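**Student:** The UniProt record's numbering puts the first residue of the sequence shown at 1, with every later residue one more than the last.
What the hints contain is simulated information worked out from the structure, not anything from laboratory work.
Bear in mind the structure is a predicted one, so any value in this text is a computation, not a measurement.
Any given hint might turn out to be false.
[Said to hold, decoys possible] Across the chosen pairs, the derived CB separations fall in these ranges:
| id | residue 1 | residue 2 | range |
| --- | --- | --- | --- |
| 1 | Lys-424 | Gln-316 | 25 to 33 Å |
| 2 | His-37 | Ile-347 | 14 to 22 Å |
| 3 | Val-420 | Tyr-384 | 18 to 26 Å |
| 4 | Asp-271 | Ser-231 | 16 to 24 Å |
| 5 | Leu-14 | Gln-112 | 37 to 45 Å |
| 6 | Lys-360 | Lys-302 | 23 to 31 Å |
| 7 | Arg-293 | Gln-112 | 46 to 54 Å |
| 8 | Gly-415 | Val-217 | 23 to 31 Å |
| 9 | Gln-8 | Ile-38 | 16 to 24 Å |
| 10 | His-414 | Ser-231 | 54 to 62 Å |
Ideal Cβ placement from N, Cα and C applies to all residues, glycine included.
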Amino acid sequence: MADQIAGQYLEFLLGLKAGIKDGDSRSVSKALSFLGHITDLESQADYCTAGLVDKFPPVNAFKDGERIRAVDHWGAVAAEYCGLISSLKKLNFMDAIGHSGELVNELVRCAQHEGSWICIPLMTVTSELRKLVFIYIQSDEYKATKQKKRRQQDNNGSSFDLFLDEKLANVLQKPFKVCLSDKSDEKKFAVYFFANELFRTYLKFGKYDAANNLCKVLQHSPNLPSLTTTSKSQSVTYRYFTALVDCMNFDHLPQAADLMNQALIDCRTGDAAEKNRQNIIMLLLPLNFLVHRRIPTQALWKQYPLLSSAFRGIFQAIKRGDLESFDNEIDRIQRLLLKRRVYSLFIRIRPLVELRLFSKVEHFYEGGKKHIIPLKQFSVALEYSSGRSYSQEEVEFRLASLIYEGQVKGYISHGNGVIVLSKKQPFPSQIN
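Given the sequences, and given the hints that come with them, work out the whole structure.
**Tutor:** Laid out in structure tokens, this is it:
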């Protein structure tokens, strides 16, 4: 049995060495991938527990015969991988995450001496580190350990949390920087992949300022490859994340809408991509209304019945100017909106529901001068639509805000308790 494990260990090292010498990105990626082994860990040999890594350090095998560049770092890569598998077999996820992080660090050091072929293995180990952390933070072990650490610290968490958010991001930044700063530009094709890994991490842990800063870095970086030349999956993901960041700034919503509409165009069709398309459309629904006043079509609801069951009621309430129904629909799917990070966008739509209601007041008002309407008319409409009372000051504030934003043409006469509307298009086009 011991001879069999030793033979497997030697085969692993020699196979990895051959892949490194040949610049074979596929074989090196396969050799260093670990998530694919999680379901069959029992069949994986534990070279660390068997004492092989200490007795026969990987670097010695790499030094035999034709030398490879950065041989010490490649030896560390192999050792960290063996430690990672050993920790996974023992179900020690914190140690596994530690080995995975060091695996990325050592491969980054190797990448500084290798050509563009190294980017694919680097993508593999980086993505799997991030996935391993995301899997772990959903576990009962993580939640129990986190509560224990918080009780010990009382206030601001602990280094335990620091590892899982800031330290994870710090590790993921290293391959991103290697590709971004590559003087030959040959590694820059991988920039968007590593940027997407960082975006996933920042947004998962609520690091919105860091995500915004990452956008700025990319916007001001020279010689980046065009998104049209990168893979569709990466360009769609990149546009999705940058649009999410743009949504944090109301002035950037038109830019976010453009990014998401292009992402939808580029997104693959078919059952395999259905979830991705729905996630994109979920963000586009409020964006296209806020920017273009565009209501989803019946054809879209028919094509995406799950989206229809979740969001159709909201847009029906918008068309009717029905505040109570709008609020009820938002409350009904609040958890979904928060999870998909679109809650704030739908909240921004509420004043436009009021705008729709106010336009109906103007349309049905039968006073002597149709363009001069008592504020009381709007107060009554708001009370009827929302189910609560409104003071004249609240009505004036809402109308004044809409006038300031250019949604209503006119002015408020506070002394007379009326609004004087423009005789020509007092309510510019609201819904397309």
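**Student:** Take the hints in turn and mark each one as holding or not.
**Tutor:** Now the hints, each set against the structure:
1. Lys-424 <-> Gln-316: 25 to 33 Å: holds, 30 Å
2. His-37 <-> Ile-347: 14 to 22 Å: violated, 45 Å
3. Val-420 <-> Tyr-384: 18 to 26 Å: holds, 23 Å
4. Asp-271 <-> Ser-231: 16 to 24 Å: Because 20 Å falls inside the window, the suggested range holds.
5. Leu-14 <-> Gln-112: 37 to 45 Å: The hint (37 to 45 Å, Cβ to Cβ) is violated, given that Leu-14 and Gln-112 are roughly 24 Å apart.
6. Lys-360 <-> Lys-302: 23 to 31 Å: Since Lys-360 and Lys-302 have Cβ atoms about 28 Å apart, the given range 23 to 31 Å holds.
7. Arg-293 <-> Gln-112: 46 to 54 Å: Holds, since Arg-293 and Gln-112 (Cβ atoms, about 51 Å apart) stay within the stated range.
8. Gly-415 <-> Val-217: 23 to 31 Å: Given a distance of about 54 Å, which is not inside 23 to 31 Å, the answer is violated.
9. Gln-8 <-> Ile-38: 16 to 24 Å: holds, 19 Å
10. His-414 <-> Ser-231: 54 to 62 Å: For His-414 and Ser-231 the Cβ distance comes to about 59 Å; the hint holds.
This entry does not satisfy hints 2, 5, 8, going by the numbered hints stated previously.
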